[in-house]
Amino acid sequence: MSGWRLRLRAPPRLRIDARALQPAALAGLARGEAERVALRQGRDAVPLAELFDLERIEDAAPPQLVVEGDLSRFDHLGWCMSEGELQLRGPVGDYAGAGMSGGRVTVTGNAADLAGCAMRGGRLEVHGDVGDLAATALPGEMDGMRGGTFAVRGNAGARLADRMRRGTVVVFGDAGDFMASRMVAGTVALAGRCGTHPGWGMRRGSIVFAGPAPTVAPTFAPLHSSADVFWQLLARDLAQFGGPFASLARRRLRRFAGDLAVLGKGELLVPE
Amino acid sequence: MQINQVAIDDTFAEAFAMKATRIVVTAHDPRWAMHAGVSATGFATSVIACGCEAGIERMLEPHETPDGRPGVALLLFATSGKELARQIERRVGQCVLTCPTTAAYAGLADGEAVALGRNLRFFGDGWQASKVIGGVRYWRVPVMDGEFVVQETTPVVKGVGGGNLLLLCTGTDEALAAAEAAVVAMRRVPGVIMPFPGGVVRSGSKVGSKYASLIASTNDAFCPSLIRLAPRSELDDAVRCVLEIVIDGLTEAAVAQAMRAGIAAAVTRGAAGGVLRISAGNYGGKLGPFHFHLRQLAGAGP
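Protein chains in written order, with the numbering used here: chain F, 1 to 272; chain D, 1001 to 1302.
Warning: the hint list may mix true and false statements.
Said to hold, decoys possible - Between beta-carbon pairs, the in silico distance windows are:
hint, chain 1, residue 1, chain 2, residue 2, range
1, F, THR196, D, ASP1029, 38 to 44 Å
2, F, ALA221, D, ARG1202, 35 to 41 Å
3, F, ARG9, D, GLY1135, 36 to 42 Å
4, D, MET1144, F, ALA61, 41 to 47 Å
5, F, ARG251, D, ALA1216, 54 to 60 Å
6, D, ARG1188, F, THR196, 57 to 63 Å
7, D, VAL1136, F, GLU33, 38 to 44 Å
8, F, ASP177, D, GLY1135, 28 to 34 Å
Honestly, the hints are just simulated from the structure, not real lab data.
Ideal placement from N, C-alpha and C gives every residue a C-beta, glycine not left out.
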């Protein structure tokens, strides 16, 4: 297989729907075909060659697509991606990696709102910050992120992992208010500070606070029984992310069950 | 063929395909892991009446287990995947779930998945919780010492059951000593268990019986009390005691390696140690697809 390197000539004046930038779909195209791939811009369609300089990447396996430049007006990058590797070298717009089910998306800059929402599988890594509503549900949907791994090296905005159902979200920086609100299941691990109301309305799932302890709402009940076995399994898995997560397994655990306002089978995990 | 004046019979052990799995049981310390392991693999000597053949493969150090605690690796073998699944559920449910501080995990990477904790979780009466960690689903069942963590499924693979060695010796002391030495050597081989008490069986059986209701009966050909009485006796007057070691393994190679180690340990004791002959049980080669020829194994060395 092979791939493409796309260099943005200049940021577009209007927002672009970039869901057509799929590594696997573009890899098999000849140069002429790739240059004619259309990206939606409002009611218009813009050919790829009008926005980017294209360069072929030979012998890339899995299929690779590298996009370079200020992509902050490009939305839906990696939309519903199922295979291949998408490297986004620069800031990106909304819905980055949304709905992806496989493959790997890497963003070296910041991502705007709704990154990784409705994600089902694969791995999404943002080296900068993500905006609000990352790893949540698509507007109108009941379920948020439902699989895969989403790592944020910077900070996350409000409502991170709202309605999340499955998968793992790891944030190395801080998170905004209402982190993991209405969470159905899954794992969120946070290394920095979090805003108010973490786990608000969570039914099941685990939130790991590797950094400062959060302010725990009165609708969470402290648990003093042993959950060491489960903690070792989870902490050893999170250790793969390194940094503040590498030493989790050696720390003693405090637990709070909640949110008792709803089902109450979720947990705030606060290693000491 | 003679090694150290021990005759190696020109025969072979005939073994069968079985369904097998490995379960890793961990606990707060090795003692409790062993309690659970012994209990879960109890009454599992032969599929003739136990439902499965099971044993403790080996102790596991903390760095070898998923949760970093000491544990034991159990191997279970049954004649069908369905029966194995039933036995796993019963034994883990009654002997591991019940044992303080334990947790249970799949010990194989690949194979057809059968329920390990999938149904045991209902013991939690609604308080159980599922957790997917690293793509693996675990169940957390609240129990009185905290929680029982159990992996949802365990892979089942095709194993080999019924590899065997017959040690023909001059007396009880000599036969026990040779069998014990052989079992010690065979337990060092990964992927095998010797399911009988202490790894040794004295009631070797043949297929069928004069009584229609029995599917197996005493192996009269190797009973020293039936020399000159049983028409099929294979013993001479020097043999006073015969003990058998049965081997179940995850692969044909593992069973062969264990038999090789057992033969080597027995012949090391030699005729001076009271070991006269080494033989094996088979059914003419028509029933089991795996044939372990003793002379090939003895010649290949341990």
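| said: Between the beta carbons of F/THR196 and D/ASP1029, is the distance compatible with 38 to 44 Å? | reply: Given about 43 Å between the Cβ atoms, the range holds.
| Holds or violated: 57 to 63 Å for the Cβ distance of D/ARG1188 and F/THR196? | 59 Å, holds
| said: The hint says 35 to 41 Å between F/ALA221 and D/ARG1202; measuring C-beta to C-beta, is that right? | reply: The hinted range 35 to 41 Å is violated for F/ALA221 and D/ARG1202, with Cβ atoms some 58 Å apart.
| message | The hint says 54 to 60 Å between F/ARG251 and D/ALA1216; measuring C-beta to C-beta, is that right? | response | Given range 54 to 60 Å: holds, Cβ gap about 56 Å.
| message | 41 to 47 Å was suggested as the range; check whether the CB atoms of D/MET1144 and F/ALA61 agree with it. | response | For D/MET1144 and F/ALA61 the Cβ distance comes to about 53 Å; the hint is violated.
| request: With respect to the beta-carbon atoms only, verify the hint that D/VAL1136 and F/GLU33 lie 38 to 44 Å apart. | output: About 42 Å separates the Cβ atoms of D/VAL1136 and F/GLU33, which means 38 to 44 Å holds.
| When you take the CB atoms of F/ARG9 and D/GLY1135, is the distance between them in 36 to 42 Å? | About 41 Å separates the Cβ atoms of F/ARG9 and D/GLY1135, which means 36 to 42 Å holds.
| request: Using the Cβ atoms, figure out if F/ASP177 sits within 28 to 34 Å of D/GLY1135. | output: 31 Å Cβ-Cβ, so the 28 to 34 Å window holds.
Of the hints listed earlier, those the structure fails to meet are numbers 2 and 4, in rising order.
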